[in-house]
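There are 2 protein chains.
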Amino acid sequence: MIDDTAARAKVVEAADQLFYAHGVQAVGMDAVRTAAGVSLKRIYALFPSKDALVAAVLERRRAQWNAGIAARAADAATAREKILAVFDFLDGWFREPDFNGCAFINAYGELHDGNPDVTRTVREQKAAFQRYVADLVRDAGAPDPLAAQIAILAEGAQTTAAIAGTPEAAAQARAAAEVLLDAAMT
Amino acid sequence: MIDDTAARAKVVEAADQLFYAHGVQAVGMDAVRTAAGVSLKRIYALFPSKDALVAAVLERRRAQWNAGIAARAADAATAREKILAVFDFLDGWFREPDFNGCAFINAYGELHDGNPDVTRTVREQKAAFQRYVADLVRDAGAPDPLAAQIAILAEGAQTTAAIAGTPEAAAQARAAAEVLLDAAMT
DNA sequence: TACGATAGAGAACGATCGTTCTCATCGCAA
DNA sequence: TTGCGATGAGAACGATCGTTCTCTATCGTA
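Chains as they are written, first to last, in the working numbering: chain A, 473 to 658; chain B, 473 to 658.
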């Protein structure tokens with residue numbers, strides 16, 4: 473047998489992949505068990521319910537998002553470049569073969585009603601991203617309203633790329649962000 | 473008894489309201505029947521399956537979206553004002569008490585897998601909107617790439633407003649669109 | 001080797017859903 | 001009035017899902 477930490481990781485990873493590809497409600501716990509190779513009994517010992525597993529999956533997504541953004545920002549020297557690095561991160565993500573839109577938006581649309589934890593988690597994730605952008609905008613010396621505009625571009629790029637099934641929305645949003653930055657800094 | 477046209481309208485309207493508020497999979501056909509006041513037998517005589525009812529609901533949403541955009545555009549004199557009228561339409565929509573994001577995005581996130589009709593319908597709706605914006609951008613004498621940027625702002629405003637539960641994303645996106653328009657026309 | 005605790009495989013359970021079917025009721029033609 | 005076709009209300013059916021339970025095999029230890 474493997475220890476609890478490893479079993480948890482395998483279950484969350486398998487559930488993430490399945491939920492993200494097919495939607496939460498379309499995936500049964502049996503499918504998670506098969507994909508993770510962990511018995512149902514063990515899964516329910518690690519997570520009290522499917523909702524708790526969904527929460528763990530969203531937490532995993534949150535960590536991945538933050539790490540991906542931070543990695544791109546680390547290569548950028550200025551606050552302006554760190555802002556644009558967000559769209560470079562999105563560009564790379566949109567090109568991954570299993571990209572299927574923002575997992576938080578998908579989860580919110582599917583589960584917001586009847587699962588208040590999901591609503592709260594998604595709202596907090598988006599608010600945290602807006603704070604991240606707001607800090608960078610302030611560092612860049614640009615006026616505060618620019619932050620919300622940059623965040624809206626990032627959100628719009630995600631849904632546009634997901635539905636179109638093509639990655640060009642990242643570059644288009646990035647170009648728009650550059651124009652907005654230039655206009656704000658004059 | 474009421475005639476087929478009226479019964480169809482009542483069923484689609486009730487289903488739209490329920491699906492939009494709670495998600496498609498969370499609403500049973502019994503709930504549609506109760507809300508519409510039309511028997512299950514009649515519903516299945518009008519729509520061969522729940523999927524067909526979902527398709528009819530999306531078609532209704534498409535007509536409402538187009539009518540709402542057209543009504544706002546009718547008040548605008550120039551192509552530039554017609555572009556900005558999109559965000560005025562969004563602002564009014566976001567303030568409706570039952571606003572819950574874009575029904576097409578929600579349906580795509582919930583049903584894209586296992587219901588190809590939904591994927592196609594949503595993709596067509598978004599493509600049609602992009603063509604609408606592209607025509608206005610051309611009429612305004614602005615370069616083509618601006619169209620995709622405007623569309624991304626509109627998409628981002630919808631998801632941002634839905635998740636935050638507040639309408640200010642419309643005004644923020646409109647302000648960004650004005651800056652992009654000004655920069656493109658110089 | 002014998003034993004007790006444990007874990008996995010999957011059957012079982014209760015609930016729910018989409019869809020179909022039954023049956024009592026009603027309107028209407030002859 | 002009588003009989004027939006159609007309709008609505010909702011029971012019924014088969015499938016699926018989240019969750020729990022049973023049974024068997026395995027492992028470490030004395």
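Calculated directly from the structure, the hints in this document are not laboratory data. Treat the hints with care, since some could be wrong.
[As the list claims (entries may be wrong)] Here are the simulated BS3-like cross-link-like pairs (lysine-lysine), alpha carbons at most 27 Å apart as the crow flies:
#1 A/LYS522 to A/LYS482
#2 A/LYS522 to B/LYS482
#3 A/LYS598 to B/LYS598
#4 A/LYS598 to A/LYS513
#5 B/LYS522 to B/LYS598
#6 B/LYS482 to B/LYS513
Quantities reported herein were computed from a predicted structural model and do not represent experimental measurements.
Each hint, compared with the structure:
1. Simply put, A/LYS522 and A/LYS482 have alpha-carbon atoms about 15 Å apart, close enough for the 27 Å limit, and the pair holds.
2. Of the supplied pair hints, the one linking A/LYS522 and B/LYS482 is violated, its CA atoms being roughly 35 Å apart against a limit of 27 Å.
3. A threshold of 27 Å between alpha carbons decides the hint, and for A/LYS598 with B/LYS598 the separation of about 23 Å falls inside it, so the pair holds.
4. Our distance criterion of 27 Å between C-alpha atoms is broken by A/LYS598 and A/LYS513, whose separation comes to about 34 Å.
5. The hinted pair formed by B/LYS522 and B/LYS598 meets the criterion: a straight-line CA distance of about 23 Å does not exceed 27 Å.
6. A C-alpha spacing of about 15 Å is found between B/LYS482 and B/LYS513, which places the hinted pair at or below 27 Å, so the restraint holds.
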